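Please model the complete structure; the sequences and the hints are all you need to start from.
2 protein chains.
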Amino acid sequence: MPVSRREQILAVAESVLEAEGPASLTMRRLATELGIRAPSLYKHVRSKDDIEAGLQERALRGIGEAVAAAGPELSRLTAAYRAWATAHPRLYELATRRPLHREALGPDVEESAAAPLVAAAGGDEHLARAMWATAHGLVDLELARRFPPGADIDRAWRVAFEALAPRTRPARERTGLSRDGSATVAPSPAPAGRGTPPG
Amino acid sequence: MPVSRREQILAVAESVLEAEGPASLTMRRLATELGIRAPSLYKHVRSKDDIEAGLQERALRGIGEAVAAAGPELSRLTAAYRAWATAHPRLYELATRRPLHREALGPDVEESAAAPLVAAAGGDEHLARAMWATAHGLVDLELARRFPPGADIDRAWRVAFEALAPRTRPARERTGLSRDGSATVAPSPAPAGRGTPPG
DNA sequence: GAAGCTGGGCTAACAGCGTTAGCCAGTCCA
DNA sequence: TGGACTGGCTAACGCTGTTAGCCCAGCTTC
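From first to last, the protein sequence lines are chains A and B.
Numbering-wise, the working numbering puts 196 at position 196 of the first sequence, and it's gapless, one number per residue.
Numbering-wise, the working numbering puts 21 at position 21 of the second sequence, and it's gapless, one number per residue.
Hints are computed from structural coordinates only; laboratory data are not their basis.
These figures come from a predicted structure and were not determined experimentally.
Incorrect hints may appear among the rest.
To be verified - So, partial list: chain B residues that the calculated Cβ filter (under 7 Å) puts toward chain A:
#  : residue
1  : 37
2  : 99
3  : 100
4  : 129
5  : 133
6  : 134
7  : 136
8  : 145
9  : 146
10 : 156
11 : 164
What the hints assert, rightly or not - Label-pair ranges, simulated between beta-carbon atoms:
#  : chain 1 : residue 1 : chain 2 : residue 2 : range
12 : B       : 39        : A       : 6         : 35 to 45 Å
13 : A       : 34        : B       : 15        : 37 to 47 Å
14 : B       : 32        : A       : 86        : 34 to 44 Å
15 : B       : 34        : A       : 79        : 47 to 57 Å
16 : A       : 11        : B       : 23        : 20 to 30 Å
17 : A       : 103       : B       : 20        : 21 to 31 Å
18 : A       : 19        : B       : 99        : 38 to 48 Å
19 : A       : 26        : B       : 105       : 27 to 37 Å
20 : B       : 47        : A       : 49        : 22 to 32 Å
For glycine and all other residues, C-beta sits at the position ideal for the given N, C-alpha and C.
Here it is as structure tokens:
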């Protein structure tokens, strides 16, 4: 009873989505699961889209925590990212497909999820975005079964991130930060005082 | 009149989807656009899902042609890929979200779309998949507006593909093919006779 | 203790969705 | 002439998200 009814709805929505896919995520189904009728949900939630936005925020938080718990090393970071996504494939899908309503989000969610990656990129925000996109792309294509059946996906991850790791990149392209790939979180020299997170 | 009715439906579906988004892609809407009633569509098409599969194939073909027309140079390849995706964002989305029904596809579609990238990767299929995932990830996150508002996305592309380009990668990780990044389509030394395409 | 407010359930209903069944006009070919 | 096939049609089903409006329990305030 300490959890709000809204949070309860989101928890049920998450489990239904993950267990049976987005087609089963209906208002009537959620209501049944909670022992009430569909219209009653609207006392706690604005719309179905509102529920999906809540799931997105939950997913972002979950990914952020998983990645933060993995420590600063890049290979463990990417492994944690991939592990979370494959453990919650439908939630990951929903979270990345939806455009982000930043104002409706807890203000720290996006940044705290991005911070470890920026650190692993040696503070280079552009490299961090490249890494993020690569990780997302690998996960997304794997989840959508777009790689051919026998493809060695582990190896694609290794090849990608050995190429992207800061220590192996030529110095000329760096943004003037320390070249040793250490985990300093120095913000990139963006116009604004603090660096924009990769997303 | 030389085009089949099915092809007509797909063309209308493509333009409606691109112009107004997936919510407007309804059977009744397509029928209205063609001057008939919704149930008549089922004389030419099995289901709405069948239409979406058709759109996916069209998209794959379109991407393949655009990329092939860009020539062998990696930077032009990636530019063509990104340009196609941003010119047909909803179609790109639909094409990559759907799992691929390979048996229902023209057998050459997937391979021919992949071939130029494998070539640009110096024949290294794993690197080709890494590149593909990176390009897809960059496009996908951009289309979903997941990058923060001021992000320099062009630069993320440059950073990513300068790191991934075969000529700048250390030789130890290569699969023993020519190291000069030339456009030889030599298959990678996979167990099967011809190399598996990246997807 | 009575009155009133409010939170949170309910039923009924609406418009729109994909889809099926069954009917019928026209065309083509034997 | 007649049968088969093509490609329309109407009617309808069960599902969806959502709204309107009702009502009861419990709390607060006279």
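Verification of the supplied hints:
The beta carbon of residue 37 of chain B is not positioned within 7 Å of any beta carbon in chain A (closest approach about 26 Å), and the interface hint is therefore violated. Evaluation of the residue 99 of chain B hint against chain A yields a held restraint, the C-beta minimum of about 4 Å falling below 7 Å. Interface restraint check: residue 100 of chain B against chain A, minimum CB-CB distance 6 Å, threshold 7 Å, status holds. The restraint placing residue 129 of chain B at the interface with chain A holds, with a minimum CB-CB distance near 4 Å, inside the 7 Å limit.
Contact between residue 133 of chain B and chain A, as hinted, is supported at the beta carbon level, the nearest pair being about 3 Å apart and thus within 7 Å. The closest approach between the C-beta of residue 134 of chain B and any C-beta of chain A is roughly 4 Å, which is under the 7 Å cut-off, so the hint is satisfied. Given the 7 Å rule on beta carbons, the hint for residue 136 of chain B holds: about 4 Å separates it from the nearest Cβ of chain A. For the restraint placing residue 145 of chain B at the interface with chain A, the shortest Cβ-Cβ distance is roughly 5 Å, inside the 7 Å limit, so the hint holds.
With a cut of 7 Å, the hint placing residue 146 of chain B at the interface with chain A holds, because the nearest CB-to-CB distance is about 5 Å. A least Cβ separation of about 4 Å between residue 156 of chain B and chain A falls short of the 7 Å threshold, and the interface hint therefore holds. Annotation: interface hint on residue 164 of chain B holds; nearest CB of chain A at approximately 5 Å, less than 7 Å. A hinted range of 35 to 45 Å holds for the C-beta pair residue 39 of chain B and residue 6 of chain A, which are about 41 Å apart.
Here the CB-CB span from residue 34 of chain A to residue 15 of chain B is close to 42 Å, well matched to the stated 37 to 47 Å. Between residue 32 of chain B and residue 86 of chain A, the C-beta spacing of about 42 Å keeps the proposed range 34 to 44 Å intact. A C-beta distance of roughly 50 Å is found between residue 34 of chain B and residue 79 of chain A, which places it inside the suggested range of 47 to 57 Å. Taken as a hint, the range 20 to 30 Å holds for the pair residue 11 of chain A and residue 23 of chain B, whose Cβ atoms sit roughly 27 Å apart.
Restraint check, residue 103 of chain A to residue 20 of chain B: a C-beta distance of roughly 25 Å satisfies the suggested window 21 to 31 Å. Between residue 19 of chain A and residue 99 of chain B the CB atoms are about 18 Å apart, so this pair departs from the stated range of 38 to 48 Å. Distance hint check for residue 26 of chain A and residue 105 of chain B: the Cβ-Cβ separation is about 31 Å, which falls inside the suggested range of 27 to 37 Å. Between residue 47 of chain B and residue 49 of chain A the CB atoms are about 26 Å apart, so this pair conforms to the stated range of 22 to 32 Å.
Hints 1, 18 from the earlier list are contradicted by this structure; the remaining hints agree with it.
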